[in-house]
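Residue numbers (the numbering used here), protein chains in the order written: chain X, 1 to 218; chain L, 1 to 218.
A couple of the hints might just be wrong.
[To be verified] Examples of chain L residues toward chain X, derived with CB under 7 Å:
#1 Q51
#2 L64
#3 E76
#4 E80
#5 P82
#6 A102
Treat the hints as calculated values from the structure; they're not laboratory data.
Just so it is clear, CB atoms sit at the ideal spot from N, CA and C, and this is done for glycine as well.
Each chain, written out:
Protein chains: 2
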Amino acid sequence: MRLYSYFRSSAAYRVRIALALKKVDAEILPVHLLKGGGEQLGPVYRKLNPQALVPTLETEAGALTQSLAIIEYLEETHPEPPLLPREPFQRARVRAFALAIACDIHPLNNLRVLNRLRTDFDADQKAIEGWYCHWIQQGLGALELMVSDRAAAKGVCFEGPPGLADICLVPQMANARRYACDLSAMPKLLAVDTALRRRPEFRVAAPEAQGDYEPPAR
Amino acid sequence: MRLYSYFRSSAAYRVRIALALKKVDAEILPVHLLKGGGEQLGPVYRKLNPQALVPTLETEAGALTQSLAIIEYLEETHPEPPLLPREPFQRARVRAFALAIACDIHPLNNLRVLNRLRTDFDADQKAIEGWYCHWIQQGLGALELMVSDRAAAKGVCFEGPPGLADICLVPQMANARRYACDLSAMPKLLAVDTALRRRPEFRVAAPEAQGDYEPPAR
Numbered sequence: 001m002r003l004y005s006y007f008r009s010s011a012a013y014r015v016r017i018a019l020a021l022k023k024v025d026a027e028i029l030p031v032h033l034l035k036g037g038g039e040q041l042g043p044v045y046r047k048l049n050p051q052a053l054v055p056t057l058e059t060e061a062g063a064l065t066q067s068l069a070i071i072e073y074l075e076e077t078h079p080e081p082p083l084l085p086r087e088p089f090q091r092a093r094v095r096a097f098a099l100a101i102a103c104d105i106h107p108l109n110n111l112r113v114l115n116r117l118r119t120d121f122d123a124d125q126k127a128i129e130g131w132y133c134h135w136i137q138q139g140l141g142a143l144e145l146m147v148s149d150r151a152a153a154k155g156v157c158f159e160g161p162p163g164l165a166d167i168c169l170v171p172q173m174a175n176a177r178r179y180a181c182d183l184s185a186m187p188k189l190l191a192v193d194t195a196l197r198r199r200p201e202f203r204v205a206a207p208e209a210q211g212d213y214e215p216p217a218r
Numbered sequence: 001m002r003l004y005s006y007f008r009s010s011a012a013y014r015v016r017i018a019l020a021l022k023k024v025d026a027e028i029l030p031v032h033l034l035k036g037g038g039e040q041l042g043p044v045y046r047k048l049n050p051q052a053l054v055p056t057l058e059t060e061a062g063a064l065t066q067s068l069a070i071i072e073y074l075e076e077t078h079p080e081p082p083l084l085p086r087e088p089f090q091r092a093r094v095r096a097f098a099l100a101i102a103c104d105i106h107p108l109n110n111l112r113v114l115n116r117l118r119t120d121f122d123a124d125q126k127a128i129e130g131w132y133c134h135w136i137q138q139g140l141g142a143l144e145l146m147v148s149d150r151a152a153a154k155g156v157c158f159e160g161p162p163g164l165a166d167i168c169l170v171p172q173m174a175n176a177r178r179y180a181c182d183l184s185a186m187p188k189l190l191a192v193d194t195a196l197r198r199r200p201e202f203r204v205a206a207p208e209a210q211g212d213y214e215p216p217a218r
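The shape of chain X in the complex, shown without the other chains (with noise of 0.2 Å):
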């Protein structure tokens, strides 16, 4: 399989801990999202993936977009470690956990998102900063909710082994750091998050592991 991933897409970030959590060697293959205006949008890469968005999985069937989709056909077709619980209730808490980063955290902070409201409503980046916090803090504020104080002092979101929770949780810390937003009311989220990067398949899977990995230019 070949996985298409830019270092800094927590999108693709998510899928690459996912393989690495289910040891599934995957090639990857860096698609620069700035590099000549975005090398996600020439029509060789749209092909694979219409939204012109990364991460895509290609599999030996064709190709695969969106990254928890991608998640749940690897939960699918390589069911050891779950990433899920079995029972459906507990699933259920896990996938609304996911999905909360993934439709109502991370769209709207994307990078075309943010070059939008710049060319919309000529935002400023203190703008776009406050924009990209005030969503993190009341995203994540709720999440803190959802982690009980057992679970989160074992490490992670959802009692049993890292999963589809975590997946989406670590990518989106790291971009909260990058912007430097005020997480100091998620204790919890906090130390789930610091327990996860020192896992193996969670440090593999970082932006500054990656072969395409950037430093910050400030």
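Based on these hints, arrange chain L on the given structure of chain X.
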């Protein structure tokens, strides 16, 4: 089961369609997103749904949030009729279609986001409509490429009975019509939407069939 819903919420609309397709009875409890500043923001509702969004499904085991997590829960607890194909690759294609709407179109046009554009960037109604239709056209334009001619001719996004992709498409198309976005570049999606809306399960779930429905002011 009890579904906290708002007639105009497209996320709640998705769950209403899923319940109807599964023939699962649920009491609908309206949550008015505008009245008194928004009933979803009160402490009682926030206990059920820390994100203060609709829908929430109250089950015997507890409250579930996030429309796609709720629909996957219904799929696992009430397998017939299936909302996803059986084969993992095909399941992932359908989930990716649904997630492209749930992550990359709908959250950008949510009430709370439009309000934020007004307060943070002084966006007027014309700018809001431009923003709204931009994401719909970009998003649905990509999805148009993911629907085969054969499926479209059968009135569904993917061959087989109506499922998760169809459940997400119809509410998103209703939003697009509400803002009068130009959809002429999406003939397949238009045909599928028209066919789906004739089905009884989609009719009973429509905004105008809800107890809390309010006809448009203009």
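Here is what the structure says about each hint:
The restraint placing L/Q51 at the interface with chain X holds, with a minimum CB-CB distance near 4 Å, inside the 7 Å limit. With 7 Å as the threshold, the beta carbon of L/L64 comes within range of chain X, its nearest partner Cβ sitting at about 5 Å, so the hint holds. Restraint check, L/E76 versus chain X: the minimum CB separation of about 4 Å is within 7 Å; hint holds. At a threshold of 7 Å, the smallest CB-CB gap from L/E80 to chain X is about 15 Å, leaving the interface hint violated.
With 7 Å as the threshold, the beta carbon of L/P82 stays out of range of chain X, its nearest partner Cβ sitting at about 14 Å, so the hint is violated. Look at L/A102: its Cβ gets to within about 5 Å of chain X, closer than 7 Å, so that hint holds up.
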